[in-house]
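> Here are the chains, one letter per residue:
2 protein chains.
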Amino acid sequence: MRAWHFAERPEGEPTLDSFDLRETERPTPRHGELLVRVRYLSVDPYMRGRMRDSESYADPWDVGDVLRGGVVGEVVESEHDGYAAGDLVTGRGTWAEYSVLDADEAARVDPDVADLPAYLGILGMPGRTAYFGLLDVGDPQPGDTVVVSGAAGAVGSTVGQIAKLNGCRVVGFAGTEEKTSWLTDDLGFDAAINYKQTDDYRAALDDAAPEGVDVYFDNVGGPITDAVFTKLNLDARVAVCGQIAHYNDEEVPTGPRKLPLLIASRAKVEGLLVRDYAPRFDVARERLERWVASGAIDHRETVVEGLENAPDAFLGLFSGDNIGKQVVRVAE
Amino acid sequence: MRAWHFAERPEGEPTLDSFDLRETERPTPRHGELLVRVRYLSVDPYMRGRMRDSESYADPWDVGDVLRGGVVGEVVESEHDGYAAGDLVTGRGTWAEYSVLDADEAARVDPDVADLPAYLGILGMPGRTAYFGLLDVGDPQPGDTVVVSGAAGAVGSTVGQIAKLNGCRVVGFAGTEEKTSWLTDDLGFDAAINYKQTDDYRAALDDAAPEGVDVYFDNVGGPITDAVFTKLNLDARVAVCGQIAHYNDEEVPTGPRKLPLLIASRAKVEGLLVRDYAPRFDVARERLERWVASGAIDHRETVVEGLENAPDAFLGLFSGDNIGKQVVRVAE
Numbered sequence: 001m002r003a004w005h006f007a008e009r010p011e012g013e014p015t016l017d018s019f020d021l022r023e024t025e026r027p028t029p030r031h032g033e034l035l036v037r038v039r040y041l042s043v044d045p046y047m048r049g050r051m052r053d054s055e056s057y058a059d060p061w062d063v064g065d066v067l068r069g070g071v072v073g074e075v076v077e078s079e080h081d082g083y084a085a086g087d088l089v090t091g092r093g094t095w096a097e098y099s100v101l102d103a104d105e106a107a108r109v110d111p112d113v114a115d116l117p118a119y120l121g122i123l124g125m126p127g128r129t130a131y132f133g134l135l136d137v138g139d140p141q142p143g144d145t146v147v148v149s150g151a152a153g154a155v156g157s158t159v160g161q162i163a164k165l166n167g168c169r170v171v172g173f174a175g176t177e178e179k180t181s182w183l184t185d186d187l188g189f190d191a192a193i194n195y196k197q198t199d200d201y202r203a204a205l206d207d208a209a210p211e212g213v214d215v216y217f218d219n220v221g222g223p224i225t226d227a228v229f230t231k232l233n234l235d236a237r238v239a240v241c242g243q244i245a246h247y248n249d250e251e252v253p254t255g256p257r258k259l260p261l262l263i264a265s266r267a268k269v270e271g272l273l274v275r276d277y278a279p280r281f282d283v284a285r286e287r288l289e290r291w292v293a294s295g296a297i298d299h300r301e302t303v304v305e306g307l308e309n310a311p312d313a314f315l316g317l318f319s320g321d322n323i324g325k326q327v328v329r330v331a332e
Numbered sequence: 001m002r003a004w005h006f007a008e009r010p011e012g013e014p015t016l017d018s019f020d021l022r023e024t025e026r027p028t029p030r031h032g033e034l035l036v037r038v039r040y041l042s043v044d045p046y047m048r049g050r051m052r053d054s055e056s057y058a059d060p061w062d063v064g065d066v067l068r069g070g071v072v073g074e075v076v077e078s079e080h081d082g083y084a085a086g087d088l089v090t091g092r093g094t095w096a097e098y099s100v101l102d103a104d105e106a107a108r109v110d111p112d113v114a115d116l117p118a119y120l121g122i123l124g125m126p127g128r129t130a131y132f133g134l135l136d137v138g139d140p141q142p143g144d145t146v147v148v149s150g151a152a153g154a155v156g157s158t159v160g161q162i163a164k165l166n167g168c169r170v171v172g173f174a175g176t177e178e179k180t181s182w183l184t185d186d187l188g189f190d191a192a193i194n195y196k197q198t199d200d201y202r203a204a205l206d207d208a209a210p211e212g213v214d215v216y217f218d219n220v221g222g223p224i225t226d227a228v229f230t231k232l233n234l235d236a237r238v239a240v241c242g243q244i245a246h247y248n249d250e251e252v253p254t255g256p257r258k259l260p261l262l263i264a265s266r267a268k269v270e271g272l273l274v275r276d277y278a279p280r281f282d283v284a285r286e287r288l289e290r291w292v293a294s295g296a297i298d299h300r301e302t303v304v305e306g307l308e309n310a311p312d313a314f315l316g317l318f319s320g321d322n323i324g325k326q327v328v329r330v331a332e
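Top to bottom, those sequences are chains A and B.
Position one of the first sequence corresponds to residue 1 (full-length UniProt numbering), numbered consecutively onward.
Position one of the second sequence corresponds to residue 1 (full-length UniProt numbering), numbered consecutively onward.
Isolated chain A, as found in the complex (with noise of 0.2 Å):
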């Protein structure tokens, strides 16, 4: 089979150099596991984090090494009482065309709840880490303005919809205005700043936002986190999930202090990982099915044709490239 390795460590921005698509064996899995034949890979921006030779709240890669990822696929072998050859599951996998799944931390696949690519992305991890995250650290109240950085990505377009069921106004940053168009005439978003349109993004907010701002999920960082900090509101809550803007910064990054803006506002910044809520995924995962079964929450994948590109999906979340989750077609 083939799998991409790690061939690199990238220095900033990544390249292609950093991946190699080699022909591999088979894995076989052991007692506990399932080998599962991709049929979806995830590619998702904390792997960038992975790419980094230092300990971080993801193990680093190590150059040589099989990619690991998200994936969706069928499984072909069963070493767990639990599964049988031919069950659809998602679960921890790799960048290859047969992976190794830990079956205690797979968990099965409904088709007709929703297109496999969407376990992935509002049904997998980012939908997920868009619950708690929006829900926990966020606390949204109605008539509450609820900001969102990477507005159009996987996580970001959830936090949105979420928000929007929980009676606030929304405001979304995003980089296109196929992505601005999608959040507020299909999504439901009050509003959308294409921050490639414009510099100056307090001024944006000053429109879109003319009551200040009470949450802010943070998935980009930079100069658009710097706006929205100078328009905290009395008690704003910041769910700080992502730092897309830095991931590719081989120094620390600086910029405006923040901390004395909080003084007058009491708010609170907090960071989120979503593998801390792992005790209620379940709780997650039937509200998001509810919501995507009745249509309440829309969802989107971007959906790259073949293993062979996957780096390509990969670099291109840096770009923005992606509208909803990015995911790979390894298999039909």
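Read the hints as simulated data drawn from the structure, not as lab findings.
Keep in mind that a hint or two might mislead.
[What the hints assert, rightly or not] So, partial list: chain A residues that the calculated Cβ filter (under 10 Å) puts toward chain B:
id, residue
1, Thr28
2, Gly221
3, Tyr247
4, Asp249
5, Leu262
6, Ile263
7, Arg266
8, Gly271
9, Leu273
10, Asp276
[Claimed, not checked] Which stretches of chain A does chain B cover? Using the computed rule of at least three CB atoms under 8 Å from a CB of chain B, they are:
id, region
11, 187-196
12, 251-257
[As the list claims (entries may be wrong)] Where chain A lies over chain B, by a calculated footprint (3+ residues, C-beta under 8 Å):
id, region
13, 104-111
14, 217-226
15, 241-248
16, 271-285
The beta-carbon is built from N, C-alpha and C at its ideal position, and this holds for glycine as well.
Dock chain B against the given chain A, drawing on the hints supplied.
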């Protein structure tokens, strides 16, 4: 009587030019008010914010106004049933020989519990700030490492001691050997770092906080804070109480971006203002008085003699002249 008036708005570091001592009429209390002969008045870093012509959490002073601040004094004339001439009280007054206080906002002081200046420090606003900021925002747990900047100030010295009562390892930053010795030898801090003796705060923290930082109580901002953020443990809490390093900045200060650090640590950073805790001030006062009376917590005041020296006492806050609470003795 004599009273200090606000003469002009400073740019950058304030000077004596902002202050004007004038002879003026002794004010007359109205219904519900007390005329108080001021014994001690408080100068506090937050007053720098009131010198700006911009709305913040404290209303800006108007040029020409009498300067306002906390005082302790003796009631000379009472227009409130609860107080009589001769009572010792503390409340919000003026930089003057006599002040009119709102009786409903005033509180009695008991010279048997502590000397009068303590009611502007550990038994006043700074003590309450320390109490709620540490316990509510910092949420210290036994065994936690708590780092305090501005540790020899009125707030910081109280924070560190309350953290010790809660079973924490406590590390303070201060700017003289006299201060660091006070922290470790008299107040029981586990370590104190003289930030004027080293540029490498990170290395100093590696020694003083070898298990990382669980709670950071920040009175200062700037490079000390930058270093502490690189040491935050999982689930760390940062209480942003003051940013005295930046109060004289005319431009928005810049520095290393901290949000990327918050994701891995899932740290929470929260600004605080003590007035939000007003409904529980009685609780703080009762506990702080008990701790002071029993000797569980020590306190210190730096007393400048004479109303005429109040501006110097205020300016000294920015050069760290004070140990513990800075007060001005206006009358015996």
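> Would you mind marking each hint as holding or not holding in the structure?
Checked hints:
no.: 1; hint: Thr28; verdict: violated, 34 Å
no.: 2; hint: Gly221; verdict: holds, 6 Å
no.: 3; hint: Tyr247; verdict: holds, 8 Å
no.: 4; hint: Asp249; verdict: holds, 8 Å
no.: 5; hint: Leu262; verdict: holds, 3 Å
no.: 6; hint: Ile263; verdict: holds, 4 Å
no.: 7; hint: Arg266; verdict: holds, 5 Å
no.: 8; hint: Gly271; verdict: holds, 3 Å
no.: 9; hint: Leu273; verdict: holds, 6 Å
no.: 10; hint: Asp276; verdict: holds, 6 Å
no.: 11; hint: 187-196; verdict: violated (count 0)
no.: 12; hint: 251-257; verdict: holds (count 6)
no.: 13; hint: 104-111; verdict: violated (count 0)
no.: 14; hint: 217-226; verdict: holds (count 3)
no.: 15; hint: 241-248; verdict: holds (count 4)
no.: 16; hint: 271-285; verdict: holds (count 4)
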